[in-house]
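Novice: Put together the whole structure using the sequences plus the hints.
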Amino acid sequence: MKKNLVPLIVLAALAAFPLVVEHNYYLHLMILFLMWVVIGSAWNLIAGYTGQVSFGDAAFFGSGAYAAGLLSHHLQLSAWWGLAIGGFVAVAVGMPFGWICFRMRGAYFALATLALNEVLRHSAAIAEGFTGGMVGILIMPTFVSKVPYYYVALALAAASMISIQWIVHAKPGYYFVSIREDQDAAESLGIDTHYYKMLSLAIAAFWTGVAGSLYMNYMGFIDPDVVFSLHDISIMAILVGIVGGVGTVYGPAVGAFIMVTVQELFRSGFFGLFEYLGRATGSAAVESMAKTITGAHVLGFGILVVVVILVLPNGIVGDWPKIRSAFSRNKIAA
Amino acid sequence: MDVFLQTLVAGVLKGGLYALIGIGMTLIMGVMGIINLAHGQLMMVAMYITYVLHLAGVDPYISLFVAMPGLFLIGCLIQHYLLNPLLKVETILPENQVLMTVGIGMVLTEVVRFIFKSDYKSVSTGYSNATFFLGDISFSVALVISFFIAIAFTVAMFFFLIKTDIGRSIRATAQDKDAAVLMGVNTGRITIVTFGLGSALVAAAGSLLAPVFYVFPDIGGPFTARAFIITILGGLGSTVGAIFGGVTLGLAESFGATYISMDYENIIGMTIFVLVLLFLPGGFKRLTKV
Amino acid sequence: MAFFQVEKLVKYFGGLAAVNGVSFQVEKGEILGLIGPNGSGKTTTFNMISGYHRPTSGRVVFKGGEIHQLPTHRICKLGIGRTFQVVKPLGRMSVLDNVIAAAYSRAGSPREARGLALETIRFCGMDAVKDQLAKSLPIAGRKRLEIARAMATKPELLLLDETAAGLNPTELLDAIDLIKKIRENGTTIIIIEHIMHVIMTISDRIHAINFGQTIGEGTPQEVAQNKAVIEAYLGTDYA
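Line order of the protein sequences matches chains V, C and R.
All residue numbers for the first sequence refer to the working numbering, where the first residue is 1 and numbers rise by one.
All residue numbers for the second sequence refer to the working numbering, where the first residue is 1 and numbers rise by one.
All residue numbers for the third sequence refer to the working numbering, where the first residue is 1 and numbers rise by one.
Heads up, some of the hints might be wrong.
Claimed, not checked - Once the Cα atoms are required to be at most 25 Å apart in a straight line, the calculated BS3-like pairs of lysine-lysine come out as:
(1) K171/V with K130/R
(2) K88/C with K63/R
(3) K227/R with K171/V
Claimed, not checked - Partial chain V-side listing against chain C, Cβ under 7 Å, derived:
(4) I100
(5) A107
(6) I242
(7) G247
(8) P313
(9) V317
Hints in this document: simulated from the structure, not taken from any laboratory.
Note that the structure is a prediction, hence the values are computed from the model and not measured.
Glycine residues also receive a C-beta, built at the ideal position from the N, C-alpha and C atoms.
Specialist: Here it is, written out as structure tokens:
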């Protein structure tokens, strides 16, 4: 049981977090972090373990979010029901595409997820009567306090990580990695590669959809550009997956922590640093500069994609030996 | 009937330019085996080059000869410094080159936005809105000129690929990289030249489209989508397929806008993509082979 | 009804016939050698048997059932294992994990899979390297891993595609020993091999093909004296 000790301590610490920190701002960031743990773990399962990169995770995320939103919008059901069915809606959306694309080699699946997301985004915008179009969907949040949301997010993060971890160490996990390593060899070992790719996609889509439903419940507002966003959801999911470590168990958690921090750094203008500089110097130039930098989060993401792929292709967890040796070499040199 | 013919003409003219975009993409696909998801963004950069030169009073058809070498250079640099090094990177991450092109596309878009802001710019020339009539069918002067220039480039490209040494090396690398290496082809350099050429071709399309489209940073994304739809439609890596794919997409968009709704323009391409995956995996290329 | 047979197998790639009407039978417990010059269609035949290629025409029959329309993984489940001429190790998995992945085709539980994998690894003499990453193995190790993986799927018929190529003389002897051991285990084998003394020593019968067509069949002695076979290998001057 010793190897489970560290995760248990982390889980206990996370469970105690709202008792210690009552500041809403930090709770908000932690909820986002936990949500991204769910999405990152799911992306990591299909891309990192199974080797089928999804470029359109927002398709699943958005499907889950809209499932919850539409339930509440049309049927006056609590959006929490969405948490139960959002994942399945995402699976239903993803399966036909997987079924077609997984028969072919190459980048088809990656492109198809990208295309799927575009179709859904435009459809959600056009079908005004059903989805509210670009106006989006607004629901009344159930709770005023952030604490209940925090615990729901924590439960989902824990459940997604444990379930994916369990699958990875069981028969499907061996099959997923075999498919990633060599599809022909996998087939010769009796592995129905098409079926297992579908299975991996189903699990990944499910958890991503659940995360989308959580987002709807927590934020209380969605529109097509928010939940089907290429940059803020699909690319973010990829970054969470690779910054932490592709094909590692804890990589997505590390990645989610770093990426939520980075996202918040940009959004808040480096926690108000630039705003402060602008006011302190009283210079219009500095102020406009500060605004530009705050608005440059997509540029930041783009640069991050390029640099991470080039320098840390296996993420912080995966490339940890490389990072450590780089630092120790520096020490020797010094 | 007139509406039909008008739609047909508009579709074919647009399709000629799409073919140019598709050929650039398919060249890169053939040699590198990857889909370049920064293709539309490279075109967008060419459009801005055209726009800046336009401000200085240069005609778009002249600035073509600045944008093409410019983008050739940018393409070469991208391949040399960002894509080729990935061949040596040990990683579990699949499709890391494709992902890299996504990152490059984002950086290009945002850098342009940084410089020019998100405003819509127009490269309006005397002929931007000019039309002439054949019977009852109107022809946009700018699109007609662009169409013929696009055809000229396409033909030139074929001659280049078939007649020149570099062209032959490119085709050899596309067919079998290992065999090409054994025949003494410097495939590293060929990939660089190919990415440069692909970028230059899409740059030509950008300059040609600048007078008829608004220019803004986010125009890249939809054109990247068109480029990959064309490539999938034509069959990955097939140059002739890209021409058919381009014209097909041009026609589909044109007819969709006329007979269904302008709203659905963005979905039409994606629908084609799905239909091709369903019924013709492998694209038009499949039809020509037994 | 033979244990295994292919009947008038034909495969066209584009307009070219890679295999053009090959038929042979294998009895249970037998080792059949499949020989022929490079490009004669041996590996294509294997690929059709194991479901990687659909035959243009012809049949593959295993234990009385047609299998040439089945997907590869189903054929494996039916009891036909294979190795690849160009080895396909699951590179970033350990040797043990490679074999466990294969063992899951027969095992219900993780414990059973692990047990079967360890047993197979011992049988193939790979105990010492079982925790190494597959991609770190030298070529002899990779060839052996191909066999171990195939054996973990408990095949009744094993297709060996040039498992002796690229080995040094000592490794070659080890490989021959292993193949003999597998046969003593009751597994039927079809083997493609270029190294003549290997195929001549271990095969019960040999089937020779050239340009996708059968040019001779018989015991090793018979085939060694077959004029068409000698021609195919050495040219008409020697025949």
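Novice: Each hint needs a verdict: does it hold in this structure or not?
Specialist: Evaluated hints:
With a C-alpha separation of about 19 Å, the suggested pairing of K171/V with K130/R holds against the 25 Å cut-off. With a C-alpha separation of about 48 Å, the suggested pairing of K88/C with K63/R is violated against the 25 Å cut-off. Taking the CA atoms of K227/R and K171/V, the gap is near 52 Å; set against the 25 Å cutoff, the hint is violated. Checking I100/V against chain C: minimum C-beta separation of about 5 Å stays under 7 Å; hint holds.
For A107/V, the interface hint holds, the least distance from its beta-carbon to any beta-carbon of chain C being 5 Å, beneath 7 Å. Restraint check, I242/V versus chain C: the minimum CB separation of about 6 Å is within 7 Å; hint holds. Look at G247/V: its Cβ gets to within about 4 Å of chain C, closer than 7 Å, so that hint holds up. Proximity of P313/V to chain C holds as hinted, the smallest CB-CB distance being about 3 Å (cut-off 7 Å).
Contact between V317/V and chain C, as hinted, is not supported at the beta carbon level, the nearest pair being about 11 Å apart and thus beyond 7 Å.
Hint compliance for this structure: hints 2, 3 and 9 are not met, and every other hint is.
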